[in-house]
Amino acid sequence: MKGALVFFVFFYFSLLLESTWCILCSIYFLHIDPIPSLICWLALTEDIKKGMLTVIFAGFLASTFSSIHFFLFPVSYLIAFLTVYFVRSNVLELTKWQAYLVTGFISVEILVMQLAGSGSPELLWPWGLFQSGLNIAIAPLVFWLCDKFYSLLNELHTRFAHEKRA
Amino acid sequence: MPHQSPKKSKATKRLLVVSILLTIAGIITLGILTKSRLILPVEMAIKDTNGHLQSLLTNPFSRLRQIWNAYVVLQNVKEENQVLRAQLAELENEITTYREALIENRRLRQLLAIKESQEWQTKVAHIVGTDIAPWRAVVTIDAGKKDGISVDMPVLGQGGLLGRVIETSMSFSKVMLITDYHSRIAAIVQRNRARGILKGDGARGCVLDYVKKGVDIQKGDIIITSGLDGIFPKGLMIGKVKLVGPGDKSDLFQFIGVEPSSRIDQVEEVLVMLKSPDKDKIR
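Protein chains in written order, with this note's numbering: chain E, 53 to 218; chain B, 3 to 285.
Each hint should be verified, as a subset may be incorrect.
To give an idea of the interface, some chain B residues facing chain E are shown, with a C-beta separation under 7 angstroms as derived from the structure [said to hold, decoys possible]:
| # | residue |
| --- | --- |
| 1 | I22 |
| 2 | I48 |
| 3 | T60 |
| 4 | G131 |
Some chain E residues near chain B, calculated using beta-carbon distances under 10 angstroms [to be verified]:
| # | residue |
| --- | --- |
| 5 | Y64 |
| 6 | S66 |
| 7 | Y80 |
| 8 | I87 |
| 9 | M104 |
| 10 | I108 |
| 11 | T116 |
| 12 | I120 |
| 13 | L124 |
| 14 | F125 |
| 15 | P126 |
| 16 | L167 |
| 17 | Q183 |
With a straight-line Cα cutoff of 30 angstroms, these simulated BS3-like cross-link-like pairs (lysine-lysine) come out [claimed, not checked]:
| # | chain 1 | residue 1 | chain 2 | residue 2 |
| --- | --- | --- | --- | --- |
| 18 | B | K12 | E | K102 |
| 19 | B | K12 | E | K54 |
| 20 | E | K102 | B | K15 |
| 21 | B | K244 | B | K221 |
Bear in mind the hints are in silico, worked out from the structure with no lab data behind them. Since the structure is predicted, the reported quantities are computational estimates derived from the model, not experimental observations. Glycine included, C-beta positions come from ideal geometry on N, C-alpha and C.
Taking the hints into account, I'd like the entire structure generated from these sequences.
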């Protein structure tokens with residue numbers, strides 16, 4: 053549950069920043085988008101039930117910040133989550149750098165669904181691929197922040213449990 | 003609490019996953035069948051909360067921009083002053099000409115017993131956010147249903163038409179800008195009344211489509227709304243022709259690039275035209 057909480061806090065904060073301050077850090081359509089990295093991190097941390105519910109809810113929340121069809125966000129996030137979860141459970145135990153690469157792959161997945169679903173598939177080449185490259189580049193920072201916040205929550209929880217027992 | 007057998011718990015998990023997937027499939031089907039967004043009260047409340055938080059984040063940003071702009075303006079104030087004085091003299095001459103035309107127009111209207119076009123009530127609003135999908139030119143403004151805003155109302159920026167309202171919640175609305183890929187406006191060239199459809203190019207400009215080859219279009223021609231779409235009133239300034247090209251040999255129409263007169267990437271305040279569009283009234 054802590055993983056979902058960490059994901060949700062960073063996710064909502066990202067949405068707010070992307071919809072307000074994004075103009076400061078965007079070139080044409082390229083912008084800093086930590087959401088694919090967050091989904092990848094969640095799929096590597098949380099179990100399938102909580103993870104799925106979290107990304108679906110997050111998707112519906114994201115759709116309130118956008119004018120593209122409301123089902124595109126939950127579905128694209130869910131597919132991205134399940135892809136990483138499948139890789140993690142059935143193929144290999146991901147190291148950090150592999151996780152960053154997977155972030156790039158799921159970025160393409162998300163963009164394909166959202167661009168095609170909103171009637172602009174021609175933007176995938178080359179903009180969508182550059183965006184995925186950028187998402188790989190910022191993935192280490194997002195993973196680091198999430199890991200720090202997650203361990204902090206764990207620490208607080210352990211301390212609280214000790215105090216309660218004492 | 004009775005313990006579930008591992009087999010039973012596995013079955014419950016599977017059932018849960020299947021039911022979630024079925025729910026999503028249902029939502030997708032519903033979305034495709036209705037072809038529109040279902041604005042639920044919960045969604046509206048979330049949108050209002052988002053809007054308030056976006057306002058909080060946007061305010062310091064727009065203040066910073068104002069300070070920066072003021073600094074840049076001060077740097078060039080002397081040169082700008084000279085240019086403005088020259089423009090003022092030119093405009094005074096133009097005003098005199100227009101005043102004459104206005105008086106003549108009123109006189110002729112009285113003669114023809116044509117009613118003056120209805121005045122539009124307006125509402126000033128501020129841009130508080132943009133769409134998180136960067137390929138959509140959609141902004142959020144801080145005026146909603148409680149301010150009398152409804153879908154399809156025209157929105158003006160400094161200099162001309164900016165877009166139209168596509169969604170509203172209680173206190174906030176979404177405006178699709180004229181530069182959006184999905185924006186379509188019935189437009190005419192002011193000089194020779196050539197008709198076309200103005201489309202957004204998805205970046206910062208527009209394209210006037212469906213103007214036949216051979217129609218005389220020149221760089222700098224002013225594009226205005228024609229009122230034929232039933233959304234925008236006739237005569238609103240949209241922009242100027244920036245580029246004219248013949249297009250491919252197989253094309254039936256010219257390529258006409260239009261630069262919007264509103265500086266879309268710098269707009270902070272907008273004006274929403276409140277009266278609901280009515281085909282008979284706006285033409």
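The hints, checked one at a time:
Given the 7 angstroms rule on beta carbons, the hint for B:I22 holds: about 6 angstroms separates it from the nearest Cβ of chain E. The closest approach between the C-beta of B:I48 and any C-beta of chain E is roughly 5 angstroms, which is under the 7 angstroms cut-off, so the hint is satisfied. Contact between B:T60 and chain E, as hinted, is supported at the beta carbon level, the nearest pair being about 5 angstroms apart and thus within 7 angstroms. The interface hint given for B:G131 is met, as the beta carbon of that residue sits about 4 angstroms from the closest beta carbon of chain E, less than 7 angstroms.
Hint status for E:Y64 relative to chain B: holds, with the closest Cβ pair at about 9 angstroms, below 10 angstroms. Because the smallest distance between the Cβ of E:S66 and any Cβ of chain B comes to about 9 angstroms, under 10 angstroms, the interface hint for this residue holds. At a threshold of 10 angstroms, the smallest CB-CB gap from E:Y80 to chain B is about 7 angstroms, leaving the interface hint in force. With a least beta-carbon distance of about 9 angstroms to chain B, the hint placing E:I87 at the interface is held under the 10 angstroms criterion.
Taking 10 angstroms as the C-beta cut-off, the interface hint given for E:M104 holds, the closest approach to chain B being about 6 angstroms. For E:I108, the shortest C-beta to C-beta distance to chain B is roughly 7 angstroms, which falls under 10 angstroms, so the interface hint holds. For E:T116, the suggested interface contact is upheld, since its CB lies about 5 angstroms from the closest CB of chain B, less than 10 angstroms. The criterion of a C-beta within 10 angstroms of any C-beta in chain B is met by E:I120, whose closest approach is roughly 5 angstroms, and the hint holds.
The criterion of a C-beta within 10 angstroms of any C-beta in chain B is met by E:L124, whose closest approach is roughly 9 angstroms, and the hint holds. Taking 10 angstroms as the C-beta cut-off, the interface hint given for E:F125 holds, the closest approach to chain B being about 9 angstroms. For E:P126, the shortest C-beta to C-beta distance to chain B is roughly 7 angstroms, which falls under 10 angstroms, so the interface hint holds. Interface hint at E:L167: satisfied, since its Cβ lies 7 angstroms from the closest Cβ of chain B, which is below the 10 angstroms cut-off.
Against a cut-off of 10 angstroms between C-beta atoms, the interface hint on E:Q183 holds, since the closest Cβ of chain B lies about 9 angstroms away. Distance restraint check for B:K12 and E:K102: the Cα-Cα separation of roughly 15 angstroms lies within the 30 angstroms cut-off, and the hinted pair is therefore satisfied. A C-alpha spacing of about 23 angstroms is found between B:K12 and E:K54, which places the hinted pair at or below 30 angstroms, so the restraint holds. For the suggested pair E:K102 and B:K15, the alpha carbons sit about 11 angstroms apart, so the restraint of at most 30 angstroms is met.
About 6 angstroms separates the Cα atoms of B:K244 and B:K221, which keeps this hinted pair within 30 angstroms; it holds.
The structure shown violates none of the earlier numbered hints.
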